[in-house]
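From first to last, the protein sequence lines stand for chains A and B. Just so it is clear: in the first sequence, position 65 is 54 by the working numbering, and no numbers are missing. Numbers in the working numbering are just positions in the second sequence, counted from 1, shifted up by 129.
I should point out that these hints are in silico values taken from the structure, not numbers from a laboratory. These numbers were taken from a predicted model, which means no experiment stands behind them. Ideal Cβ placement from N, Cα and C applies to all residues, glycine included. Don't take each hint at face value.
According to the in silico footprint, chain A covers these stretches of chain B (three or more CB under 8 Å from chain A) [as the list claims (entries may be wrong)]:
id, segment
1, 241 to 251
2, 283 to 296
3, 355 to 367
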Amino acid sequence: MARWRPAAADERDAAVTRIGGQPSWTRTPRWPVGGDLLPFWGQFRHDDLLILVFVSPDDVLWWRAEEGGNAAIVEPVGEYPHWVRPRALHAGPQVLPSDVLVPVDPLTTGEPHWIQHDDTPPSAPEFVAEVRAEWDLRAWPPADDLGYMYLFVSADRRRARVLFQS
Amino acid sequence: MRWNRLSHRVGAAVIAITGAAAVSSAGQAATLVSLSGRLEPPPVTASPRNPRQPVASPRSTKQPVATPRSAGIPCVKYLAKNHTYRSIWAYTTDDLGRPHQAQAGNLTSQTQRRSKCEQEVGQWGGPNHQGGHMIAATLKGTSQRANLVPVTTQVNLTLMKAFENQAKRCLSTPNRQVLNYTTTAFYKRNDSGVVPDHLTMSMVIQRDRDQNKRGLVTMAFRNIAYGKGPMKTMVNRMKDAAREAGCAAS
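Next comes chain B alone, as it looks inside the complex (with noise of 0.2 Å):
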């Protein structure tokens, strides 16, 4: 299946909206609607025909390297480069050692304790930056660095945290699974700093456990101080692609 992408320019600099439905070659409807802050696609990849396949990442031709599980992931700036850290979740590094991906195979939710690195991380942003979970505490997300990214605070507690309360909808809604949930974060080329430039979120909603019923809900964004208008256009998008995909509304 070809997701079929559909873009165009808003504003230069401050917001593109892509949206389009797409339906399978097994004719089921699948929902796909992504709101980026750049021209060029989203570069999430998840597949909805297999979404236990593995994302690559852009960054990098690498295979990442394993660890067992973590005990412990330090609060730095820098972790271990080209790594996947598996705490419940899988965390993987980029070329520099800052937190590229996180993803949930399957998503359950049990909240997972906070810790320091929280505000920590959010430091590094400066003002108005939080330390952003890639996956929510409340979605078994680490609070250790390998999940932790500085973003803007209405990155934070509005746009992150509508795709996870989404999300959260969806696991609630009966006969539903999320499937390969993942947060993705670029960096500025040619920049080593740890203030990602962008985010991408996607998770595939499966019905009935049944592959043939699938729909894709990816959201993208920069990681600005966005106005109420924006986000408010991207958060109704964004849960109008969920309850097409069959999840209750949030």
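Chain A extracted, bound-state conformation (with noise of 0.2 Å):
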């Protein structure tokens, strides 16, 4: 089942919910490095809030919630994880970088469909989202796998976290 369609002109750079293009940032932009600059994969609409996520497939802990390979930013004031430090710098690498794909239905789907143990994060416990390869595997990012991803807020929405499960 196709969930993503193509962007249209108007959505590539839009604060909407995407997958690909670059960030919306709607404050100074601050790319997260960890080693290097994480590659952008995507963002996500909650509320008043835009979450961008990060993710360096290349990572071997790619897929943590709590380290190494991605982080989940929260804009406009969100606080970075402490595995990663801000760089100033508007643009950046990008997980799909061609595509710019936007959901055709909504994506929070109340409780998160797990594919292995609850794994929500305590330090960010409130499910926003998740993104299921099988519904696309053009918005995937390792993207020769078959997995899900999940994407949490603290309650301050603050703190943001995303993590895969496979």
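Need the complex rebuilt from these two chains, each delivered in its own frame; the hints are there to steer you.
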């Protein structure tokens, strides 16, 4: 089932939920660096927040919520995870270098559909959205695997966490 | 052809790394990289000359009993003993009925449906364990018990996934075939538990449909919560081996 469609011209840079393109910074751009610049994957609109998701598929801990290979940043007032440092940079590497996709249906489903065990991050327990590779592989970051992405935010809306299961 | 194996202990309880380049009697370069949590060589015995040759189970001298293609394999800890289930690929159990080996003769990729058995198998391993596919769902591996074992999250999402992704990269490289793709699960001796102690993965990369242009890539690891450094080392060595065998890097 395809849940994503190519973005229209006016959606490619918009502050909407989308996969691909460059992040819609609402404050001074600060790109997360964890060793290297983390590639931008997509952004997710959640109420009045915009959560930017960066994933490095080459990092051996790309899947983990609390360390290493990914970072979710809440715009405009969120904290940066302790394992990344911000760098003043407006545009950077992308997981999907050419495609920009927007969802056909709302992504939020109420409860996460865990492939494995419940792995809700204690530091950010509010479920925001999930993306399933089986919906559309064009949107999937580690481009050749079947899995789910789960996005969470903290109660104070300052911290976000992203994790993957397969 | 004999594969040269060179091993040394890096840490008794952590990891031992083995690696060697082998050259066949025909002169073609082939690569063997093996990373093992044990001193003995990895028990995978894929033949670079004949990748379709069955891989013998070291746990049993009995010939596995083959069954027709399985419509439904129950999600239970112990399946039929010394049995081969067929669901596109072949899945063999050990003396106790635990999944022992999954094997694809000529690998192809296509996504299979997931099942709740993944979660259940993962729970058998306790915290930080997942139900891991011996052959990935994206490589036509079934999401049934015969292909699922409890493995740590690090093993499932980093080590096994890296090997699977590399196999897919090889499949997408022109004029490459992935033969005898095999994952083997080993359990502690004298222990009836269902959590593997260590696993090996191997595949034969063939170029230009030429049996003289083959390279073997293997990876062996304990079923533990590895740290980032050892995992990075293992993944990089495996990728190097695949690259030397002529596959695109993942």
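*Which hint numbers doesn't this structure obey?*
Result: no hint breaks.
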